Amino acid sequence: MRFWLQRVAMAVLLLLSVSALTFGAMNILGDPLFNILGPVAGDVNNPDSVKLIEKAKAEFDLDEPLVVRYGLWLSDFVRGDMGVQFSSDGQPPVSDLIKERLPRTATLVLLAQLMAISIAIPWALVTASRAGRLSDRISTMNTFFLVAMPNFALAIILKFVLSIKLGWMPLTYVANDPLSSRLWQMVLPALTIALPVAAVFQRLLRTDLITTLQQDFILMARAKGLSRRRVLFRHALRPSLFSFITVVGLNTGALIGGSIVVETIFRIPGIGSSLVESVLREDFPVVLAIVMIVAVAFVLINLLVDILYSIIDPRVRR
Amino acid sequence: MSGTDNLVTTDDATDVVVADEAVKRRLGWGFWLCIGWIVLMIILAFLAPYLSIKDPNANFIDMSGKGRPPYGPSMDHWFGTDKDARDIFSRTLYGARISLTVGFVAIAFGLLVGGTLGILAGYFRGWFDRIISFVFVILLSFPSLVLAIMLTSLIERSLLTISLVLGVLSIAPVGRLARASTLQYADREFVTAARQIGATNRRIILRELLPNVVIPMGALALLGMAVAIVAEGGLAFLGLSVEKGITWGSLIQLGSEGSTTLQKSPWIAFFPIFVLFFTVLALNFAGDRLRTYLDVKESAL
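Going line by line, the protein sequences match chains A and B.
For the first sequence, our numbering begins at 1 and goes up steadily by one.
For the second sequence, our numbering begins at 319 and goes up steadily by one.
Watch out, some of these pointers could steer you wrong.
[What the hints assert, rightly or not] Derived lysine-lysine pairs resembling BS3-like cross-links, with alpha carbons at most 27 angstroms apart:
1) B/K401 / B/K582
2) A/K165 / B/K562
3) A/K165 / B/K582
[Claimed, not checked] Computed list of chain B residues with no C-beta within reach of chain A, every gap over 12 angstroms:
4) L358
5) I360
6) F364
7) K372
8) W396
9) W445
10) S462
11) A466
12) L469
13) R506
14) E507
15) L524
16) P584
FYI, nobody ran anything at the bench for these hints, they're computed from the structure.
Just so you know, these numbers come straight off a predicted model, no measurement behind them.
Built from N, CA and C at the ideal position, the CB exists for glycine as well.
With the hints as constraints, model all of the structure from the sequences given.
This is how it looks when you write it as structure tokens:
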């Protein structure tokens, strides 16, 4: 129990530091008033502008000290209110924008993760059982190619081959289409994110499997007369999954990073493309909200990985 | 998977390890091929303004009846031209200047700051180590692209600042490796011996620890440079990199924007993609080989 309390306390401390740093950096390095009003913010001699400035200051509590503003933001944020967008007329509120866009990104990342895992495990099993052979060497070369391919380049290549030349896949995402066709439109973007990640997973799992396959209990299982396949799946796989699961958790960051680029290329209006847009507009409440969501997701996933750990290997709990 | 049934045996598995051992002792021709490509790219990038290649910003509108640009690859324009009739070959070479510089400066900054912090944390331990490790955890708790995007939103996007932002991103991974390898050596006999004969902390760090820690860092530097180049490409692709100037990412972006550019003139995006891909592949492969050669444990990364 103490173990879990410690883990949770650490996670909360981490999120607080992340939000404080981000909030501080944006308010000190950026100029919120200018971002809200644009050039009007510097026009202090014109009474109309002054009125606007006063109104904006009151609305966004800009006269309060930084610490107070952070406190206000934080208490709103934990209650699910992420504030008002700076630009245009502040509509829709950031929370609504996120609510509309987050499910798309979550689906994309989840789909990509599922694809990566379901590609990597069979791939690793096949290559580990034939380690050192020609097919294994070719597969190692392929992992190098996939890992070296930047995701925006891979996206363009896949889009060109599968969508434009072969016409098998839809070109872009249409938000108004029915659910099934939207899922179908997400397959290619998810595959783009998943392929390099699958290569990373495969490399790791293959190494661990090869180590496991040298153990005595594997020899024992084979000697008992169990089939090779059964030994591979039932005996070798589970003890080899240990570091695989950690990396699956840690790699979620790479998946989210990948989704930013891929959302932009395939025009999926998720939080990734929203992040890019709001950065270009210097719309800090939106940027802050998205950064925090990503950080929270990341922390939660790592907690989940710890829990999974203790299921696979109960010795961890102690 | 039928036939030979001897795969899951101890014999077979040891063979694999032996094979790996044999590879480890040599860098191999692949390594030198990769280094050759990297050196070639550096030279071409460095000499781009002095080579007799076309002006990257000039518009080579063809009047002999080829119609409107973009033009496909030809003897005149090896990589073709973009829709403003600018020569893609020379733009790719000029793009290498920014992309490679960013990669180099970023990893140099990361090694300097992350390496120093990591060594100090690993040597002095205690509260300093705790704070530094926590900072590393914070830095690593962001997907690096998200952090990069966030930081670029706060600054003027020039060559230096973009390099430094990507350098900041490499602090945590580099620092963790430096800390881990310092921990490995800090309790060894030669360090204790140096301390017994009265060497100062400064001397122990510089003369005893640094030479040992630098070795694994060298391999990481090549991998880190690849990561930085890709990250810069990603930023440029999103329009968030160096505002003025050509980079590989922005060239690729230009070749894929709109709905028909990629369909009608794929060469605009594909030639820069190939060059970027081979450079990153070369850096990755060389770094990986070097790491195996120097026997750096994967777990320390």
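Non-interface label on B/W445, tested against every C-beta of chain A at 12 angstroms: B/W445 clear of chain A: closest Cβ-Cβ about 16 angstroms, beyond 12 angstroms.
12 angstroms cut-off, C-beta based - B/P584 kept clear of every residue in chain A: violated, 6 angstroms
Status of B/L358, Cβ more than 12 angstroms from any chain A Cβ: The assertion about B/L358 holds, with a minimum of 17 angstroms to chain A.
Hinted pair A/K165 and B/K582, Cα distance within 27 angstroms: holds, 11 angstroms
Non-interface claim for B/W396, where every Cβ of chain A lies beyond 12 angstroms: holds, 20 angstroms
Given as non-interface: B/L524, partner chain A, CB spacing beyond 12 angstroms: holds, 32 angstroms
B/A466 remote from chain A - nearest C-beta pair above 12 angstroms: Given a closest Cβ separation of 9 angstroms, the condition is violated.
Check on B/R506 being off the interface with chain A, judged by Cβ distance over 12 angstroms: holds, 27 angstroms
Hinted pair B/K401 and B/K582, Cα distance within 27 angstroms: holds, 11 angstroms
Non-interface claim for B/F364, where every Cβ of chain A lies beyond 12 angstroms: holds, 23 angstroms
Chain A versus B/S462 - minimum CB to CB distance exceeding 12 angstroms, so not interface: violated, 6 angstroms
Non-interface claim for B/I360, where every Cβ of chain A lies beyond 12 angstroms: Non-interface label on B/I360 holds, nearest chain A Cβ at 18 angstroms vs cutoff 12 angstroms.
In this structure, the earlier hints numbered 2, 10, 11, 12, 16 are contradicted, and the remaining ones agree with it.
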